[in-house]
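Could you put the whole structure together from the sequences, leaning on the hints where they help?
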Amino acid sequence: MEQITEHHPIPSSASRFAASILTALVFVVALNLRAPLTSVGPLLPRIGASEHLNATMQGLLGSLPILAFAVVSPMVHRAAERLGIERTVLAAMAFLTLGIVIRSACGTIGLWAGTLVIGCSIAVGNVLVPAIVKRDYPGHTSLATGIYSACMTGMAAFASAATLPLSDAIGWQGTLGIWAIPAGIVTLLWLWRSRANAQRTAPAAKTATNAQPRSRQSTASETRLRVSMWKRPEAWAVTLFMGLQSVNYYVCVTWLPTIEVSFGVPADRTGWHLAVFQLVGIIMGLLIPVLLKGDSQVAAVVVASVPLAIGALGLAFTPWLDLLWIIVASIGSGCSLVVALSLIGLKTSTTEETTQLSGMAQCVGYLLAAVGPTLAGTIYDITSGWRTVLIMLAILAVAQTAIGIIIGRNKEAGR
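In the working numbering, the protein residues as written are 1 to 415.
Think of the hints as simulated: they come from the structure by calculation, not from any bench. Hints are supplied without guarantee of correctness; some may be wrong.
[Said to hold, decoys possible] DEER-style ranges, computed between Cβ atoms:
#1 402 - 169: 45 to 51 Å
#2 181 - 395: 21 to 27 Å
#3 168 - 52: 17 to 23 Å
#4 107 - 78: 30 to 36 Å
#5 287 - 165: 38 to 44 Å
#6 113 - 269: 17 to 23 Å
#7 168 - 391: 16 to 22 Å
#8 268 - 350: 45 to 51 Å
#9 382 - 24: 44 to 50 Å
#10 310 - 109: 38 to 44 Å
#11 48 - 264: 17 to 23 Å
#12 174 - 57: 19 to 25 Å
We put the beta carbon where it would ideally sit given N, CA and C, even for glycine.
Structure below.
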């Protein structure tokens with residue numbers, strides 16, 4: 001069994017330039033971890049009309065990938081142990097490409113089946129990318145997390161802005177299917193990285209295989225870590241923080257265009273507003289690591305969480321200032337993702353622990369988040385309005401603030 005904590009993917013014999021290129025491909029993977037999902041939100045009214053889906057079913061379509069995150073995340077660590085991180089990511093990118101094609105080209109059943117495959121594939125990247133970043137950029141975890149978060153959010157913003165114009169030209173099926181192109185390119189690039197690393201680390205792998213007593217010892221250690229991680233209060237705090245920020249994010253990217261239309265905003269503007277939501281998040285995601293330095297992350301938690309509550313309440317009670325409140329909420333959303341992902345790395349000591357906490361946080365966290373879009377759609381069906389949904393998001397943001405302060409003050413969390 002390959003020990004994912006032992007071998008760095010870039011050997012010292014490689015040139016610095018080649019090493020940098022191979023290492024940086026993790027950020028290219030990040031480009032594909034949100035766009036296939038955020039491209040759905042602006043199209044929900046058209047998909048609903050075409051497939052005869054009410055608001056609850058549209059919300060379920062938005063929640064399905066998040067449910068897949070919750071189910072698949074705890075399995076990723078075991079897959080990475082057996083296949084290695086590089087090959088596990090490669091398989092995920094290949095299935096992501098396949099899922100996008102199925103979703104857009106195989107009718108109603110394909111819409112749901114492809115969405116499920118997409119969610120399972122992205123779940124693998126969600127778990128392993130933080131571990132890869134911690135392994136490949138030791139000492140710069142927060143900064144590297146900000147960069148890959150910016151990559152995810154940047155491509156998601158582009159997807160949000162381009163979706164409706166593309167749909168006018170090629171239909172909603174073609175618009176969703178076009179994201180198979182970048183996913184396929186990333187699959188080929190990661191195949192190159194995997195082959196290069198396999199050739200260079202073969203001697204080390206052979207040595208590890210021969211070290212049977214050490215393997216048994218490592219396996220026992222891994223078992224203890226796996227049990228203890230689920231018993232750590234700090235790990236549960238990180239998990240809840242991840243879940244609450246995910247609820248806010250996925251409700252926004254799923255329903256924000258529809259909410260704005262209900263307030264009288266022209267449909268062609270809602271896609272751009274969703275892009276603004278993503279783009280401001282990129283900027284804040286790159287700035288928030290400054291507040292993550294040192295022993296306490298309380299300041300970062302407050303900056304990440306409070307704007308979510310302000311933006312939701314502002315949009316609920318003064319919707320004519322919609323763009324202002326979207327910008328305010330995006331400040332919190334962009335920071336929250338980076339803070340949540342950084343806490344996974346900052347509150348663990350090894351790549352092994354990071355992978356396990358990442359799997360736990362994303363399993364339970366996304367299980368909570370999966371309820372969000374569907375619950376929001378159900379609340380709308382019951383109340384025929386979005387104000388209650390926005391108030392719910394504000395309450396969750398307050399809870400996120402409280403939990404984040406607890407984990408941010410705990411200097412020994414996860415160690």
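Each hint tested on the structure:
no., hint, result
1, 402 - 169: 45 to 51 Å, "holds (46 Å)"
2, 181 - 395: 21 to 27 Å, "violated (40 Å)"
3, 168 - 52: 17 to 23 Å, "holds (22 Å)"
4, 107 - 78: 30 to 36 Å, "holds (34 Å)"
5, 287 - 165: 38 to 44 Å, "violated (30 Å)"
6, 113 - 269: 17 to 23 Å, "violated (33 Å)"
7, 168 - 391: 16 to 22 Å, "violated (34 Å)"
8, 268 - 350: 45 to 51 Å, "holds (49 Å)"
9, 382 - 24: 44 to 50 Å, "holds (48 Å)"
10, 310 - 109: 38 to 44 Å, "holds (42 Å)"
11, 48 - 264: 17 to 23 Å, "holds (20 Å)"
12, 174 - 57: 19 to 25 Å, "holds (22 Å)"
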